[in-house]
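Could you put together the complete structure from these sequences and hints?
There are 2 protein chains.
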Amino acid sequence: MTETAISSCRAFVFDAYGTLFDVGSAIKRCQESLGDEAEKLSELWRRKQLEYSWLRSLMGDFTDFWTVTGDALDYSMAAIGKNDPVLRSRLMETYLSLDTFPEVVETLQTLKNNGHKLAILSNGARHMLISAAKSSGILSLFDEILCVDELRTYKPHPSVYKMAADKLELDASEISFQSSNGWDIAGAGHFGFKTAWINRAAQPVERLSHRADVILARLDEILPLTIKPQTA
Amino acid sequence: MTETAISSCRAFVFDAYGTLFDVGSAIKRCQESLGDEAEKLSELWRRKQLEYSWLRSLMGDFTDFWTVTGDALDYSMAAIGKNDPVLRSRLMETYLSLDTFPEVVETLQTLKNNGHKLAILSNGARHMLISAAKSSGILSLFDEILCVDELRTYKPHPSVYKMAADKLELDASEISFQSSNGWDIAGAGHFGFKTAWINRAAQPVERLSHRADVILARLDEILPLTIKPQTA
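Protein chains in written order, with numbering that gives the first Met the number 0: chain B, 0 to 231; chain D, 0 to 231.
Simulated from the structure, these hints should not be mistaken for lab results.
Some clues are possibly wrong.
Unchecked claim - From the derived model, a few chain B residues whose C-beta atoms are all more than 12 Å from chain D:
id	residue
1	Ala37
2	Gly80
3	Leu140
4	Ile221
To be verified - Covered stretches of chain B (chain D as the covering partner; in silico rule of three or more C-beta atoms under 8 Å from a C-beta of chain D):
id	region
5	42-55
6	125-134
7	185-196
8	212-218
What the hints assert, rightly or not - Chain D side only, calculated, beta carbon under 8 Å to chain B, not exhaustive:
id	residue
9	Trp53
10	Gly114
11	Gly136
12	Leu140
13	Phe141
14	Trp182
15	Ser208
All of these numbers come straight from a predicted model, not from anything done at the bench.
Think of the CB as a built atom: it goes at the ideal place given N, C-alpha and C, for glycine as much as any other residue.
Structure, rendered in structure tokens:
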């Protein structure tokens, strides 16, 4: 039973971008400068950001996520024929104060009140994560903010998920991992986490070898699947 | 001088899909069944095929390229709401007899006549590459058909490019690598090959750390940059 699998978990680990933080909110704040191109830029920026993180990991040519995010933006602005250094700076800065999705704060607060350990496990650079979490008021809810800065490789490399299990001092099977990214769910499941895919955009299932234990439309749908751990 | 770099190369190694073979030709043969969705399916199929090859390499969950190609097609057909097993089979079969781009045969023939070693270095499974190369009449022009079946990881992992240098018994710097994929050029350049990016679609430069030595619009534009090796 997949729901039972999640209810027995002792820690809830969250992907950041697209799962807690609405990466589309970066573009929305610069909508007036982008007009009809806003959606295309938003989609391409995110896609290239992921591609560059995977490609650099695979090539053995790591660079931090702030640089990757800027490189992806440069490619995407070039692709829509936009050369505007001021707009570029504004878009990059929005990444440091992204909006959370509406249900995020209350979901995290409830899980914490129920005695669960909470962590972020993200490809983001530490300064990016701390800044966005502080700006949206969720930083204090987490026991750990886990990033790949020292590992020098990105998800879905198994070493990234292993770092979370090691830092939380839990077996992989005791951790429920939440992500809106199907590929991240596949990587986490392959490593051994229980997984909840927050499929906000109702996308097709990724054809990778590990499927999510549960598929939810919003993050708060995980609450009925969790139970408060018994105290001794 | 980048052109001099290529003129001193002793072997020419080619990516297959998108470089020698027109992957769009797969969809064109099934255009009547797809109508307006043809272009979207073609673009998404290719994108997911690449993503799955990178993700599986990074996760340490390799499967052969025929399976990856089928998985990517399944995702893409689901994304456009198409459930048609006969069409799926027809699309997969076209991968075994893809068209080459118009200038490919003559370019390869000229390089071979001038005494250069030629090889394919592709993520494709051996049976896929042999079938497509045989069907388009270019198989006999190559000294080596190099695929990742034994390495169990995909480009741009450095071990794939290293395999080519090892099999050709050449130093990386003596090899000119041709690909239409900017990320593949970055991986090959990072390993140490000389690189020619065949940028057929006039795409923006990928923001990865290695840039191409030359950027060409068609494969035959490499011929003026090559010289016939001197015999002893």
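Right, here's what the structure says about each hint:
1. Ala37: Given a closest Cβ separation of 18 Å, the condition holds.
2. Gly80: Given a closest Cβ separation of 10 Å, the condition is violated.
3. Leu140: holds (29 Å)
4. Ile221: About 24 Å separates Ile221(B) from the closest Cβ of chain D, which puts it past 12 Å; holds.
5. 42-55: holds (count 6)
6. 125-134: violated (count 0)
7. 185-196: Our answer is that it holds, as 3 residues pass the Cβ test (under 8 Å) against chain D, meeting three.
8. 212-218: Per the Cβ count (0), the hint is violated.
9. Trp53: holds (4 Å)
10. Gly114: violated (32 Å)
11. Gly136: With a closest approach of 33 Å, the Gly136(D) hint is violated.
12. Leu140: Violated: closest Cβ of chain B sits about 29 Å from Leu140(D), beyond 8 Å.
13. Phe141: Because about 25 Å separates Phe141(D) from the closest Cβ in chain B, which is outside the 8 Å limit, the hint is violated.
14. Trp182: holds (5 Å)
15. Ser208: Holds - the Cβ of Ser208(D) comes within 8 Å of chain B, reaching about 6 Å at its closest.
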